[in-house]
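Chemist: The chain contents come next:
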Amino acid sequence: MSSKIYDFSTLTGSIDAALNSWMSPGLAVLSEMVIIGLLFLTFYALLGLFLVYLERKVCAVIQNRVGPNRVGKWGLLQTIADLIKLLMKELIPIRKADHLLFLIAPFIVIIASFMAMGAVPFAKGLHVLDFNIGVFYVMAVSSLGVVGILIAGWSSNSKYSLIGAMRSGAQIVSYELSVGLSLMAIVVFSGTMSLSGIIESQADGWWIFKGHIPAFVAFIVFLIASTAEINRGPFDLAEAESELTAGFHTEYSGIKFAFFFLAEYINMFIVAALGATVFLGGWMPFHIGNWEGFNQVMDYIPSIVWFFAKTFFIIYVIMWFKWTFPRLRIDQLLTLEWKFLLPISMVNILLIAFLVMMHWHF
Amino acid sequence: MSEEIIKDVIVRESEDYIINMGPQHPSTHGVLRFEVCLKGETVKYLIPHIGYIHRGIEKMCEADTYQQIIHLTDRMDYLSAHINNEAVCMVVEEAMQVEVPERVKYIRTILDELNRIASHQLWWCAFGMDLGALTAFFYGLRDREHILDIFEESFGSRLLHSFNTPGGLMHDVHPNFQKRTKEFITYFRKKLPEYDQLLTGNIIFQERVKGVGYMSREKAIAYGVTGPSGRGSNLACDIRKIAPYGAYDKVQFDEILMTEGDTFARYQVRMGEMLESMKIIEQLVDNIPEGDFTAKMKPIIKLPAGEYFKRVETARGELAVYVVSDGNKTPYRMKFRSPNFSNLFVMNELAAGGKIADLVAISGSLDLVIPDIDR
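If you're matching them up, the sequences are chains E and L in order.
Using this note's numbering, you'd call the opening residue of the first sequence number 1 and step up by one each time.
Using this note's numbering, you'd call the opening residue of the second sequence number 1 and step up by one each time.
Just so you know, the hints here were simulated from the structure itself, not pulled from any lab data.
From a predicted model like this one, the values you see are computed outputs, not experimental measurements.
One or more hints might be untrue.
Listed next, the stretches of chain L that the computed footprint assigns to chain E, with coverage defined by at least 3 CB atoms under 8 angstroms from CB atoms of chain E [as the list claims (entries may be wrong)]:
| hint | stretch |
| --- | --- |
| 1 | 138-144 |
| 2 | 194-207 |
| 3 | 303-314 |
Straight-line C-alpha distance at most 25 angstroms; calculated DSS-like pairs for lysine-lysine [stated by the list, open to error]:
| hint | chain 1 | residue 1 | chain 2 | residue 2 |
| --- | --- | --- | --- | --- |
| 4 | E | 159 | E | 96 |
| 5 | E | 159 | L | 335 |
| 6 | L | 355 | L | 210 |
| 7 | L | 44 | L | 210 |
| 8 | L | 355 | L | 44 |
| 9 | L | 39 | L | 279 |
| 10 | L | 279 | L | 59 |
| 11 | L | 59 | L | 179 |
| 12 | E | 73 | E | 96 |
| 13 | L | 191 | E | 159 |
| 14 | E | 96 | L | 39 |
| 15 | E | 57 | L | 241 |
| 16 | L | 219 | L | 44 |
| 17 | L | 210 | L | 39 |
| 18 | L | 250 | L | 210 |
| 19 | L | 298 | L | 329 |
| 20 | E | 159 | L | 355 |
| 21 | L | 59 | L | 302 |
| 22 | L | 355 | E | 339 |
| 23 | L | 241 | L | 335 |
| 24 | L | 219 | E | 339 |
So, partial list: chain L residues that the calculated Cβ filter (under 10 angstroms) puts toward chain E [unchecked claim]:
| hint | residue |
| --- | --- |
| 25 | 20 |
| 26 | 21 |
| 27 | 25 |
| 28 | 26 |
| 29 | 40 |
| 30 | 54 |
| 31 | 358 |
| 32 | 361 |
Quick reminder that beta carbons are idealized off the backbone N, C-alpha and C, glycines included.
Just need the whole structure built from these sequences, with the hints factored in.
Modeler: What follows is the structure, given as structure tokens:
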């Protein structure tokens, strides 16, 4: 039923076989790790740069502007130029900062997002970490980032940074619950926590269509809560520039600042990828019931294209939020979570459990 | 009476958690410093510190001729530069007992209102920015550009156009002036609803501004809050209505008054004023009489000895000019009563007890221009 063509596991399998025939199994595993690590690093950096470029272009469209258009064709090299600038900038030492923590903080943030990235299924057979608690793993690892943010705010020894970090802590810890519960909705539907298992369960239709209204509610809750969890507008209180200048990363400069910046964008990608995987079928093509011809045409579109199309759709929606909505106040932010989103998702999950029990879903 | 309304002097305590917002801070729109005492996210009290851009304009005026003073007033409230100019011109004209031609009055009034719209547009941009709605900034500036183009065509400058001179105008307006002003009105009537679509109707925006920073009518009077900020608290303080100058006695317009007294009321007053300003311009722009662009004035203006006082309604409130002359070509003493100075000091009363985010919203809704406070 699902697409057999464009299966990346044939490619990765042949590389594995070739490596094993050349060297001992232990060495083969080691070299595979190095290859994957290097590929990931490259992909990570390029994706970050591209997302920054994309955000600039999207916000330019929303704001009646052109956006970057000088460096390279259509300004494509603008973010690379910015990266070079950030690399060359001085790392300003703060006299009264806690130097060790100040140094570690950006790395914790970026490592957390790097680890979460490993579990993202990019295409059929293109999946670094695939194990039975994939959803749980991504949730657990991505929430480590808040530790880095709190450390950054604390060690900067600046009042603005501290307020920003405290806001961020309160926000991320609260919204984690809603993200978890809305993902749990689909886990209940599909009966597995493994990301590849969730994708396989959507071969005959995506959960957002199959799961009646509760799945749609879960998707909306997920979008709102995950936007808050990655500290983006309208929930960007941690770095509210009109209130706290730049929040937790006020005192950071140069490449350390770039780490926070990059991690924020990568987190956005991870959240969007997770949403696309769980609710919109990941790399599964769009299939409609018994329309064999239509389904076959859809199968000819490579799975990697499906995945990135869905992910960038969600990224676009998140950017759209940011550039058109004003920012919430801290008490309104917490009210939204504890009084609205959390009860809604709790009722929703009960409803889903009932639906699954009665076998009313497709 | 006023002792009850105005709170006691703030007492600082040693364990207060103080942060300084400003003089370089994105929310203060200039070099203003708020010494904010926080309790968690809540503002306990705040003390405004001013003077970072004090240039001694009032003292400088004592060494300048009246034509030169016009150029200094541009630099006070730079967003209502034209209205500031007019205030000084009116004082001189009254003292010299010069009757300015009707044409000048009409053109001055139209320019006043264009200036008021431009100022309110910029306020709208900045207010959106304060609340985190970044797109608002570009919508407002896009439309303001049209007004600045009209100004540029007629005076050669866009922001600080010392176009008024005692007795009239520097020179006549550009032949395209009427046509372009009418084009702008038709354009902006279509664009103003976009402002409401983008910001006013937004649920987050309404939650952020409704019921925030309540100012009672009594408090507004006690602190001398005027302009749109005062009218948001139902204080009828529009000088254009109380003491009409220019061509304001010839036009029909409403003074927008809101009773709520919160940040949203002040917002709505300004949005309504943009519409009223367009109404005033529409009534005047087709009827500009022919005639001279200036009355005949002596090259060296010497005010007769005495005291002179005149007030106008700028985009931010009541600007009063008080001149003491000893008969020389320079004033003996010059005093400006600027609206922002009074509007600023009500900040502590409005923001204490709220959150940091409310403080930013309130300071945005008072529409402060710092050079006007410091002078």
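Chemist: Confirm or reject each hint.
Modeler: Each hint, compared with the structure:
For a cut-off of 8 angstroms, the count of residues in the stretch 138-144 of chain L with a CB near a CB of chain E stands at 3, and the three-residue condition holds. Coverage of the stretch 194-207 of chain L by chain E holds. Counting CB-CB distances below 8 angstroms, 6 residues qualify, and the rule asks for three or more. Coverage of a stretch by a chain is defined here by at least three residues with a beta carbon nearer than 8 angstroms to that chain's beta carbons; for the stretch 303-314 of chain L and chain E the count is 0, and the condition is violated. Taking the CA atoms of residue 159 of chain E and residue 96 of chain E, the gap is near 12 angstroms; set against the 25 angstroms cutoff, the hint holds.
Of the supplied pair hints, the one linking residue 159 of chain E and residue 335 of chain L is violated, its CA atoms being roughly 40 angstroms apart against a limit of 25 angstroms. Restraint check for residue 355 of chain L and residue 210 of chain L: the C-alpha separation of about 14 angstroms stays at or below 25 angstroms, so the hint holds. Taking the CA atoms of residue 44 of chain L and residue 210 of chain L, the gap is about 21 angstroms. The hint holds against a cut of 25 angstroms. Taking the CA atoms of residue 355 of chain L and residue 44 of chain L, the gap is near 9 angstroms; set against the 25 angstroms cutoff, the hint holds.
With a C-alpha separation of about 47 angstroms, the suggested pair residue 39 of chain L and residue 279 of chain L falls outside the 25 angstroms cut-off, and the hint is violated. A C-alpha spacing of about 39 angstroms is found between residue 279 of chain L and residue 59 of chain L, which places the hinted pair above 25 angstroms, so the restraint is violated. A hinted pair counts as satisfied when its Cα atoms are at most 25 angstroms apart, and residue 59 of chain L with residue 179 of chain L does not qualify at roughly 41 angstroms. Of the pairs offered as hints, the one joining residue 73 of chain E and residue 96 of chain E is violated, with about 44 angstroms between alpha carbons and a cut-off of 25 angstroms exceeded.
Between residue 191 of chain L and residue 159 of chain E the CA atoms are separated by roughly 41 angstroms; this puts the pair beyond 25 angstroms, and the hint is violated. For the given pair, residue 96 of chain E sits about 23 angstroms from residue 39 of chain L by alpha-carbon distance, which is consistent with the 25 angstroms threshold. For the hint linking residue 57 of chain E to residue 241 of chain L, the alpha-carbon distance of about 47 angstroms lies beyond 25 angstroms, and the restraint is violated. Simply put, residue 219 of chain L and residue 44 of chain L have alpha-carbon atoms about 19 angstroms apart, close enough for the 25 angstroms limit, and the pair holds.
Our distance criterion of 25 angstroms between C-alpha atoms is met by residue 210 of chain L and residue 39 of chain L, whose separation comes to about 23 angstroms. With a C-alpha separation of about 36 angstroms, the suggested pairing of residue 250 of chain L with residue 210 of chain L is violated against the 25 angstroms cut-off. Restraint check for residue 298 of chain L and residue 329 of chain L: satisfied, since their Cα atoms lie roughly 11 angstroms apart, inside the 25 angstroms limit. Simply put, residue 159 of chain E and residue 355 of chain L have alpha-carbon atoms about 16 angstroms apart, close enough for the 25 angstroms limit, and the pair holds.
Annotation: proposed proximity of residue 59 of chain L to residue 302 of chain L holds, straight-line Cα distance about 18 angstroms (limit 25 angstroms). Simply put, residue 355 of chain L and residue 339 of chain E have alpha-carbon atoms about 20 angstroms apart, close enough for the 25 angstroms limit, and the pair holds. For a cut-off of 25 angstroms, the pair hint linking residue 241 of chain L to residue 335 of chain L stands: about 23 angstroms separates their Cα positions. Under the criterion of a C-alpha separation no larger than 25 angstroms, the hint pairing residue 219 of chain L with residue 339 of chain E is inconsistent with the structure, at around 35 angstroms.
Nearest Cβ of chain E to the Cβ of residue 20 of chain L: about 9 angstroms, under the 10 angstroms cut. The hint holds. Satisfaction of the interface hint for residue 21 of chain L is found here, the shortest Cβ-Cβ separation to chain E being roughly 8 angstroms, below the 10 angstroms cut-off. Below 10 angstroms, beta-carbon pairs count as interface contacts, and residue 25 of chain L has one with chain E at about 6 angstroms; its hint therefore holds. Proximity of residue 26 of chain L to chain E holds as hinted, the smallest CB-CB distance being about 5 angstroms (cut-off 10 angstroms).
For residue 40 of chain L, the interface hint holds, the least distance from its beta-carbon to any beta-carbon of chain E being 8 angstroms, beneath 10 angstroms. Proximity of residue 54 of chain L to chain E is violated relative to the hint, the smallest CB-CB distance being about 24 angstroms (cut-off 10 angstroms). Given the 10 angstroms rule on beta carbons, the hint for residue 358 of chain L holds: about 7 angstroms separates it from the nearest Cβ of chain E. Interface restraint check for residue 361 of chain L: the shortest CB-CB distance to chain E comes to about 9 angstroms, inside 10 angstroms, so the restraint holds.
When each numbered hint is compared with the structure, violations occur for hints 3, 5, 9, 10, 11, 12, 13, 15, 18, 24, 30.
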